[in-house]
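Asker: Listed below are the residues making up each chain.
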Amino acid sequence: MKRLTLPLSKDTIRELKAGESVLLSGIILTARDCAHKRLFGILDGGGKPPFEIKDAVIYYAGPCPAKPEKASGSCGPTTSARMDVFAPRLLDSGLGAIIGKGEMSNEVREALKRNTSVYFAAIGGAGALYGNAIRKSECIAFPDLLSEAVHELVVEDFPAVVAYDCYGQSIY
Amino acid sequence: MRKINTALIEQNIYEMALHAGVNLIPSCRAALEKAKNAESSETARFALETLIKNSEIAVAEKMPVCQDTGMAVVMLEIGQEVFLEGKSLSAAINDGVRRAYNDGYFRKSVCDPITRVNTTDNTPAVIHTEIVDGDKINVTFMPKGFGSENMSKLYMLKPAQGVEGIIGSIVETVKLAGSRPCPPVYVGVGIGGSFDTCAFLAKKALTRDIGSANPREDIAKIESEALARINGLKIGCQGFHGNTTALGVSCEIAPTHIAGLPVAVNIQCHCVRCERVTI
Chain D
1 MKRLTLPLSK DTIRELKAGE SVLLSGIILT ARDCAHKRLF GILDGGGKPP FEIKDAVIYY
61 AGPCPAKPEK ASGSCGPTTS ARMDVFAPRL LDSGLGAIIG KGEMSNEVRE ALKRNTSVYF
121 AAIGGAGALY GNAIRKSECI AFPDLLSEAV HELVVEDFPA VVAYDCYGQS IY
Chain U
1 MRKINTALIE QNIYEMALHA GVNLIPSCRA ALEKAKNAES SETARFALET LIKNSEIAVA
61 EKMPVCQDTG MAVVMLEIGQ EVFLEGKSLS AAINDGVRRA YNDGYFRKSV CDPITRVNTT
121 DNTPAVIHTE IVDGDKINVT FMPKGFGSEN MSKLYMLKPA QGVEGIIGSI VETVKLAGSR
181 PCPPVYVGVG IGGSFDTCAF LAKKALTRDI GSANPREDIA KIESEALARI NGLKIGCQGF
241 HGNTTALGVS CEIAPTHIAG LPVAVNIQCH CVRCERVTI
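Line by line, the protein sequences are chains D and U.
Take 1 as the starting number for the first sequence in the working numbering and just add one per residue.
Take 1 as the starting number for the second sequence in the working numbering and just add one per residue.
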């Protein structure tokens, strides 16, 4: 299985083909419905986003609380389609990659193509396994959103499948 | 008359919730294993292997099997000879849920529908009560995740649409859901009753073991026919194509009005979690 270090270079993204299994290591940011809505409120108001969007990897996920001896609680992906309305604009702002589960819209696929980005599907429901792939977790924005806050995660050998590649191909 | 203190119900809810968040029901684990062995798509097989490994990690480390530890759905069949004493039944249930979701390091996923402000303790639980004969209480606890709940549907069919209409509605719901609800799914179906009871029957169907057939032969046939057609869709585990799109279909029925044929399809992901106890 291909091992990838995040963030991904455009050259690396061009080598990825839909259907390929990969192991991801590096920094990813969690964000789901509420965090996206909050972020878009800031962007619409002309404000500075609380984290750098360029080359970031967003993981559609909201973790369980971590036990004292753990870096993170269970943390599998949530359904990506709910973020269809948000993803194209972030991709056009330089977002490096998306991780989630399930099909996304054609607009997202086009935006991935246009920006040479990639959408990875994590295995939905494998929360404990993904929780264990997280080495470090820190809340970096919107702490009042609790599990829906933006967490910066350091992951190691995080299994995923290339769902949409930068050529518009899909595993679905 | 038999007196039962609601503190006993609270303790049972607490223990069931803690166990349910971590452990798949045995028939679900068996169904995943069977699906893996029968899988011909390499990617779907990888996903099924990952899920089985995940369920083992969850048990070994007492971690939630899925981070969506759900809304707490509680169904009680209360014998009419039972007298409940102590705090109110709903307070006891919610206290049990609150303690379990805190002590188990489960995610708190309940919020106001408009402001989206989290209630921070996963309450209130969804509580269904039925009064039955006897002096016992049957309690069922099911954490229900919403990736799959979101893909559920309710149809008000015409009586003329009959069995074919029922099966068509079940298959259509799974087809429209596609890869989004974490297939392979478990499909709970309510047939008949009114708008509201039909949806409840669909939820109740999900408390049955996977692979258990409805005792009525004609209903069991709907279950097996719908399952075969769903697996013919080849959506597969996680939408990666493959042989298993659903692990099972369970139907529950109730008499309905002469003018109607309600059908509710409640989708459950492959993390089937459900606990049962008799007090």
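Misleading hints may appear alongside valid ones.
As the list claims (entries may be wrong) - Okay, derived cross-link-like pairs now, BS3-like style, lysine-lysine, Cα gap no bigger than 30 Å in a straight line:
| hint | chain 1 | residue 1 | chain 2 | residue 2 |
| --- | --- | --- | --- | --- |
| 1 | U | Lys175 | U | Lys153 |
| 2 | D | Lys113 | U | Lys234 |
| 3 | U | Lys62 | D | Lys136 |
| 4 | U | Lys36 | U | Lys153 |
| 5 | D | Lys70 | U | Lys53 |
| 6 | D | Lys17 | U | Lys234 |
| 7 | D | Lys37 | U | Lys234 |
| 8 | U | Lys62 | D | Lys17 |
| 9 | U | Lys34 | D | Lys2 |
| 10 | D | Lys136 | U | Lys53 |
Unchecked claim - Away from chain U, derived, C-beta distances all over 10 Å, residues of chain D:
| hint | residue |
| --- | --- |
| 11 | Ser25 |
| 12 | Gly26 |
| 13 | Phe40 |
| 14 | Gly47 |
| 15 | Phe51 |
| 16 | Ile53 |
| 17 | Asp55 |
| 18 | Lys67 |
| 19 | Thr78 |
| 20 | Val85 |
| 21 | Glu110 |
| 22 | Phe142 |
| 23 | Pro143 |
| 24 | Glu152 |
| 25 | Gly168 |
Hint data in this document are derived by calculation from the structure and do not stem from the laboratory.
The beta-carbon is built from N, C-alpha and C at its ideal position, and this holds for glycine as well.
Asker: Look at each hint and say if it fits the structure.
Answerer: Evaluation of the provided hints:
For the hint pairing lysine 175 of chain U with lysine 153 of chain U, the CA-to-CA distance comes to about 12 Å; that is within 30 Å, so the pair holds. A threshold of 30 Å between alpha carbons decides the hint, and for lysine 113 of chain D with lysine 234 of chain U the separation of about 27 Å falls inside it, so the pair holds. Using a Cα cut-off of 30 Å, the hinted pair lysine 62 of chain U and lysine 136 of chain D holds, with the two alpha carbons roughly 20 Å apart. A distance of roughly 28 Å separates the Cα atoms of lysine 36 of chain U and lysine 153 of chain U; the hinted pair therefore holds under the 30 Å criterion.
A threshold of 30 Å between alpha carbons decides the hint, and for lysine 70 of chain D with lysine 53 of chain U the separation of about 19 Å falls inside it, so the pair holds. A threshold of 30 Å between alpha carbons decides the hint, and for lysine 17 of chain D with lysine 234 of chain U the separation of about 21 Å falls inside it, so the pair holds. For a cut-off of 30 Å, the pair hint linking lysine 37 of chain D to lysine 234 of chain U is broken: about 35 Å separates their Cα positions. Using a Cα cut-off of 30 Å, the hinted pair lysine 62 of chain U and lysine 17 of chain D is violated, with the two alpha carbons roughly 36 Å apart.
At most 30 Å may separate the alpha-carbon atoms for a hinted pair to count; lysine 34 of chain U and lysine 2 of chain D meet this at roughly 28 Å. For a cut-off of 30 Å, the pair hint linking lysine 136 of chain D to lysine 53 of chain U stands: about 22 Å separates their Cα positions. Separation of serine 25 of chain D from chain U is adequate, the least Cβ-Cβ distance of about 17 Å exceeding the 10 Å criterion. Even its closest Cβ contact with chain U, about 20 Å, leaves glycine 26 of chain D beyond 10 Å, as expected for a residue assigned away from the interface.
The claim that phenylalanine 40 of chain D is not at the interface with chain U holds, since no C-beta of that chain comes within 10 Å of its own (minimum 14 Å). Look at glycine 47 of chain D: its CB is around 20 Å from the nearest CB on chain U, clear of 10 Å, so calling it non-interface holds up. At roughly 21 Å from the closest C-beta of chain U, the C-beta of phenylalanine 51 of chain D stays outside 10 Å, upholding its exclusion from the interface. Every C-beta of chain U lies more than 10 Å from that of isoleucine 53 of chain D, the closest at about 23 Å, which supports listing it as non-interface.
No beta-carbon of chain U is positioned within 10 Å of the beta-carbon of aspartate 55 of chain D; the least distance is around 26 Å. Not every CB of chain U is more than 10 Å from the CB of lysine 67 of chain D (nearest about 5 Å), against its label as outside the interface. At roughly 6 Å, the least C-beta separation between threonine 78 of chain D and chain U is not larger than 10 Å, which violates its mark as non-interface. Non-interface status of valine 85 of chain D relative to chain U is upheld: no Cβ of that chain comes within 10 Å, the nearest being about 15 Å off.
The claim that glutamate 110 of chain D is not at the interface with chain U holds, since no C-beta of that chain comes within 10 Å of its own (minimum 19 Å). Distance to chain U confirms phenylalanine 142 of chain D as a non-interface residue, since its nearest Cβ pair spans about 12 Å, more than 10 Å. For proline 143 of chain D, the condition that its CB be more than 10 Å from all CB atoms of chain U holds, with the nearest at approximately 12 Å. Every CB of chain U is more than 10 Å from the CB of glutamate 152 of chain D (nearest about 17 Å), matching its label as outside the interface.
Against chain U, the non-interface label of glycine 168 of chain D holds: every CB pair exceeds 10 Å, the least being about 17 Å.
Figure legend: structure checked against the earlier numbered hints; hints not met, in rising order: 7, 8, 18 and 19.
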